[in-house]
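*Asks:* If you read the sequences in order, they're chains E and B.
Start counting the first sequence at 341; every next residue gets the next number (the working numbering).
Start counting the second sequence at 341; every next residue gets the next number (the working numbering).
Honestly, the hints are just simulated from the structure, not real lab data.
There may be inaccurate statements among the hints.
[To be verified] With a Cα cut of at most 25 Å, we get these calculated SDA-like pairs of lysine to any residue:
hint: 1; chain 1: B; residue 1: 458; chain 2: E; residue 2: 401
hint: 2; chain 1: E; residue 1: 458; chain 2: B; residue 2: 389
hint: 3; chain 1: E; residue 1: 458; chain 2: B; residue 2: 459
hint: 4; chain 1: E; residue 1: 388; chain 2: B; residue 2: 457
hint: 5; chain 1: B; residue 1: 344; chain 2: E; residue 2: 438
hint: 6; chain 1: B; residue 1: 344; chain 2: E; residue 2: 435
hint: 7; chain 1: B; residue 1: 493; chain 2: E; residue 2: 481
hint: 8; chain 1: B; residue 1: 458; chain 2: E; residue 2: 459
hint: 9; chain 1: B; residue 1: 458; chain 2: E; residue 2: 460
hint: 10; chain 1: B; residue 1: 344; chain 2: E; residue 2: 412
2 protein chains.
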Amino acid sequence: MDPKAFYAMSYGVYVVSTWDNGRPTGCTANCAAQITSAPATVMVSINKDNYTNRCIRDCGHFAISILAETSEPSVIGRFGFRSGRDTDKFDGVPYSIRDKLPILDDCCAYIACKVIDKMETSTHTVFLGEVIGAETLKKGTPMTYAYYHNVIKGKTGKNSPTYVAEEQAPAATEKYVCSVCKYVYVGDVPFENLPEDWTCPICGAPKSKFEKI
Amino acid sequence: MDPKAFYAMSYGVYVVSTWDNGRPTGCTANCAAQITSAPATVMVSINKDNYTNRCIRDCGHFAISILAETSEPSVIGRFGFRSGRDTDKFDGVPYSIRDKLPILDDCCAYIACKVIDKMETSTHTVFLGEVIGAETLKKGTPMTYAYYHNVIKGKTGKNSPTYVAEEQAPAATEKYVCSVCKYVYVGDVPFENLPEDWTCPICGAPKSKFEKI
Numbered sequence: 341m342d343p344k345a346f347y348a349m350s351y352g353v354y355v356v357s358t359w360d361n362g363r364p365t366g367c368t369a370n371c372a373a374q375i376t377s378a379p380a381t382v383m384v385s386i387n388k389d390n391y392t393n394r395c396i397r398d399c400g401h402f403a404i405s406i407l408a409e410t411s412e413p414s415v416i417g418r419f420g421f422r423s424g425r426d427t428d429k430f431d432g433v434p435y436s437i438r439d440k441l442p443i444l445d446d447c448c449a450y451i452a453c454k455v456i457d458k459m460e461t462s463t464h465t466v467f468l469g470e471v472i473g474a475e476t477l478k479k480g481t482p483m484t485y486a487y488y489h490n491v492i493k494g495k496t497g498k499n500s501p502t503y504v505a506e507e508q509a510p511a512a513t514e515k516y517v518c519s520v521c522k523y524v525y526v527g528d529v530p531f532e533n534l535p536e537d538w539t540c541p542i543c544g545a546p547k548s549k550f551e552k553i
Numbered sequence: 341m342d343p344k345a346f347y348a349m350s351y352g353v354y355v356v357s358t359w360d361n362g363r364p365t366g367c368t369a370n371c372a373a374q375i376t377s378a379p380a381t382v383m384v385s386i387n388k389d390n391y392t393n394r395c396i397r398d399c400g401h402f403a404i405s406i407l408a409e410t411s412e413p414s415v416i417g418r419f420g421f422r423s424g425r426d427t428d429k430f431d432g433v434p435y436s437i438r439d440k441l442p443i444l445d446d447c448c449a450y451i452a453c454k455v456i457d458k459m460e461t462s463t464h465t466v467f468l469g470e471v472i473g474a475e476t477l478k479k480g481t482p483m484t485y486a487y488y489h490n491v492i493k494g495k496t497g498k499n500s501p502t503y504v505a506e507e508q509a510p511a512a513t514e515k516y517v518c519s520v521c522k523y524v525y526v527g528d529v530p531f532e533n534l535p536e537d538w539t540c541p542i543c544g545a546p547k548s549k550f551e552k553i
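Based on the sequences and whatever the hints tell you, model everything.
*Replies:* Okay, structure coming up:
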């Protein structure tokens with residue numbers, strides 16, 4: 341079995357949000373899809389280790405904010421590499437309450453859902469949601485997972501369905517890793533030559549937070 | 341609710357195949373995703389009206405052939421706009437048996453699965469499959485659903501999760517529809533001026549099979 345075969349599947353980049361006892365929380369996800377159009381129904385796959393998984397169960401509702409290529413990439417790291425258990429992920433992130441759920445302002449569209457079924461796998465829960473609201477928020481090309489990897493040079497969180505361990509440990513030397521989000525800098529410019537005000541493209545951490553690996 | 345919000349979700353383009361009592365069959369799908377990596381597990385969503393749905397239930401196995409941007413687009417129409425009930429969809433289509441399942445030769449990768457669970461919705465079945473084999477077959481950019489719509493100008497089958505009725509009935513006049521696959525020609529060149537050897541980009545039918553609507 342060649343794990344690289346899985347890389348050929350296409351995904352978007354989403355922030356799946358819900359409520360945690362009145363506090364907004366959520367996580368980054370790439371596995372979300374429309375399942376049927378009448379009645380409109382979508383699914384998301386969320387790791388059982390993610391705090392968001394428990395919160396969706398308790399709340400019974402979730403929303404999908406669909407990121408655009410122009411969306412600020414640091415939001416992906418903020419929602420993907422930290423836990424809502426001990427972080428207020430929405431702190432400082434512009435959002436609005438739409439259809440009674442927290443939706444990022446910086447996304448091209450959102451879909452709000454009521455959980456109607458779920459399927460458990462070894463690591464992830466597939467939540468099936470009947471759509472209670474959906475709107476386009478701004479024009480723009482939706483961000484694909486390929487764009488996130490190839491253009492933004494983003495990494496995959498360890499709780500993602502598509503995570504492979506090797507991704508966190510590249511073979512080349514002189515790599516630098518962000519101590520906050522584990523993003524590995526692989527740009528053409530030597531890390532030492534990057535300007536001092538350069539920041540992690542994923543989580544926004546300053547250059548000083550990077551460590552040689 | 342704005343149905344256009346759903347268009348912002350990203351998908352690939354796949355042919356999901358299985359066996360029908362020893363005969364290969366399958367259908368086009370856009371909703372397939374990896375759900376977990378250990379053990380590798382993927383899902384596909386298949387309309388209950390599709391003959392392939394019943395065949396996957398009976399066979400207990402399915403494979404996903406992941407199309408590339410360079411894959412012959414007529415295969416999408418062939419597998420998406422005809423039924424395996426009365427058509428031998430694989431007739432004339434190059435394929436190989438890999439991991440005991442029929443796989444298109446003209447794809448960038450495949451994933452073969454054993455069904456381990458399923459979830460029913462009003463119109464579709466979500467099949468969960470444990471991966472029994474996966475290989476990259478050739479280099480190339482995987483085809484996204486956006487590429488299929490925007491570059492190939494493909495249409496959505498009525499059994500697709502993302503089908504909306506309006507798509508089949510454009511408001512403009514002087515449109516021509518393929519009587520085989522229902523593809524509506526919307527190119528800049530007037531239909532009458534297309535060369536006589538022009539064929540439907542979706543199912544490969546000749547120009548003579550198009551009807552004015």
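*Asks:* Could you work out which earlier hints the structure fails to respect and list their numbers in ascending sequence?
*Replies:* none
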